[in-house]
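On the provided structure of chain A, position chain B as indicated by the hints.
Going line by line, the protein sequences match chains A and B.
Residue numbers for the first sequence follow my numbering, so the first one is 920 and each next one is one higher.
Residue numbers for the second sequence follow my numbering, so the first one is 14 and each next one is one higher.
These aren't lab readings, by the way, just hints derived from the structure by calculation.
Certain hints may be false.
[As the list claims (entries may be wrong)] Chain B stretches covered by chain A per the calculated footprint, using a threshold of three residues with CB under 8 Å from any CB of chain A: (1) 90–96; (2) 105–119.
[Stated by the list, open to error] Some but not every residue of chain A turned toward chain B, in silico, with C-beta under 7 Å: (3) Ala961; (4) Glu963; (5) Thr1129; (6) Gly1131; (7) Pro1141.
Cβ atoms here follow ideal geometry from the backbone N, Cα and C, with glycine treated the same way.
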Amino acid sequence: MRLILALSLALAVALGLSIVFGETALTATQYADAFARPASPAAEILFGIRAPRAFAAALVGGALGLAGAVMQGLLRNPLAEPGVLGVSAWSGAAAALAIAFGLGATPGIVEGAALAGALGAGGVVALLAARFREPETLILFGVALAALGGAVTTLIFNLSPSPITLAEVLAWLQGSVANRDWSDLAPALVPMIPGAALCAYAAAGLRMLTLGEEAAALSGLPMARLRVAAIAGAALLTGASVEVAGVIGFVGLAAPHLVRGAASDDPARVLAPSAIAGAILLTLADLLARVIPTEVELRLGVVTALFGAPLFALVAWRAARSWRA
Amino acid sequence: MTAALELEGVSVRRGGRAILQGVSLSVAAGEVLGLVGPNGAGKTTLLRAALGLQPRSGGDVRLSGRPLEALSERERAAIAGYLPQERRVAWNMPARDIAALGAAALAPREGRAVAEACLAELEVGELAGRGVLDMSGGERARVLLARLLATRAKLLVADEPAAGLDPEAQLLILERLRARAQEGAAVIVTSHDLTLAARACDRLAVLHGGTLRAAGAPAEALSPAVLAEVFALDGALVDSPAGLTLAARRRPANG
Chain A
920 MRLILALSLA LAVALGLSIV FGETALTATQ YADAFARPAS PAAEILFGIR APRAFAAALV
980 GGALGLAGAV MQGLLRNPLA EPGVLGVSAW SGAAAALAIA FGLGATPGIV EGAALAGALG
1040 AGGVVALLAA RFREPETLIL FGVALAALGG AVTTLIFNLS PSPITLAEVL AWLQGSVANR
1100 DWSDLAPALV PMIPGAALCA YAAAGLRMLT LGEEAAALSG LPMARLRVAA IAGAALLTGA
1160 SVEVAGVIGF VGLAAPHLVR GAASDDPARV LAPSAIAGAI LLTLADLLAR VIPTEVELRL
1220 GVVTALFGAP LFALVAWRAA RSWRA
Chain B
14 MTAALELEGV SVRRGGRAIL QGVSLSVAAG EVLGLVGPNG AGKTTLLRAA LGLQPRSGGD
74 VRLSGRPLEA LSERERAAIA GYLPQERRVA WNMPARDIAA LGAAALAPRE GRAVAEACLA
134 ELEVGELAGR GVLDMSGGER ARVLLARLLA TRAKLLVADE PAAGLDPEAQ LLILERLRAR
194 AQEGAAVIVT SHDLTLAARA CDRLAVLHGG TLRAAGAPAE ALSPAVLAEV FALDGALVDS
254 PAGLTLAARR RPANG
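Next up, chain A with everything else stripped away, as it sits in the complex:
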């Protein structure tokens, strides 16, 4: 509980920084103006542009952090993340297909496609999980599913005659929360809330899986149901994230590792802290993307990958210890 409180405080600070700092420097008078007069231009920058963007980053980071922790618990693998079972790849591929078919201009279609792609892949994985219990088998199927999703996306690049479509797809695949307003957040919460609830429901099963499938199967818990809940929850969260921000890697991998030790390595107790840590990470990554002085604003997916890749290597290094054990 203390960990959750400390992380919540850190998230509040990160959100505060993300709202206060940005590309446009404001003077002390303008800050005062923003708080005093809600209709002032400074208030519009702080609460109409930066705040929804910061909350979108936090929401997406939280969803990815939680989905990553669930995947790591389910697959008993410290290198698992929401993308490992192909859910992100199909979410991205479905969004890219929608763009390629010219549906990008219709509000909600690309977002809906992203969610549908994630749920479709999640459904396939859930069916496979009912048949194959071993995590290694699921990971292998996931790799195949992710490769297929990636191939579909590449095929769009390959066949699309329009450079505009390509630019749109590429932008989607690089992830961003730029220009999100408050009305973009509500549709994402619709899948995120049941997704988080399913993950919470699966928590006890994830903890029991620490001892392996057989010990868990005799624990008295309805393991088959809990496994499906974990996959469905992670798919809903991942799909909703892609719906808001496109494809963003590494947050789902990194967030659980940042808090795992403080949560006694318990796959159930690590869930809520992972969500908050993910929210902090992505809020700060988005702040970085905005304040790093580049000609074109850095894409969020690029920033998380740039910082996430070295972390991934570090995690692999440390995980080698438990593989030897």
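Chain B only, in chain A's frame:
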């Protein structure tokens, strides 16, 4: 009195091959049954089939007198606890939390108290706060057995609980399982150490090539003929001051 576990004509086929053929045996409350046999005899498969972890191609299993299939997951867990041969633990959780997984049906505070008592019983109480991946193999084996004991199930099934441990740890583990039997549980263990099995178990069941070759009191089940046929050993269980001891040598290949 109803047996804790009854197997009747249990058969298992895998990939077109018969792994178990018509095995029948039972374990009563208060009894320690040892399952012995060479590698590949079907010991683990029999345990898994008895607990519903392995589909059967034939035969019936009853737990506390009720057909296995009629039990809910919760009811089955209340009757049977299982310690798999595989001792891999995915996360470096503290020993206390690992042992408490056995008492998941209890309130958290009560579960932790039961877990700590079981860790103390296995003489690893002082390691309760240490991560299991930071422990030696022997310490981890004790923590995992503490998890089994914490289930307080009527039937405790332990697959090779003493394998790879030093002699003192082996004796401690078998002693604690015997103590549970004296308190009224039914216990099944598998072991490759025939001396240990003969001393710790009330009865032994000898599996060979998927069939039950012999069952009974240790000296009876591990007769010289069974030792020769099943284990390719020339010798016998002999009485010594410490209890039954296997005195045997490998049978020459042409013998």
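Evaluation of the provided hints:
1. 90–96: Three-residue rule met by the region 90–96 of chain B, so holds; n is 6.
2. 105–119: Answer holds; 8 residues pass the 8 Å Cβ test.
3. Ala961: violated (48 Å)
4. Glu963: Cβ of Glu963/A sits 47 Å from chain B, so the hint is violated.
5. Thr1129: Hint on Thr1129/A: holds, closest Cβ of chain B at ~5 Å, below 7 Å.
6. Gly1131: holds (6 Å)
7. Pro1141: holds (6 Å)
Hints 3, 4 from the earlier list are contradicted by this structure; the remaining hints agree with it.
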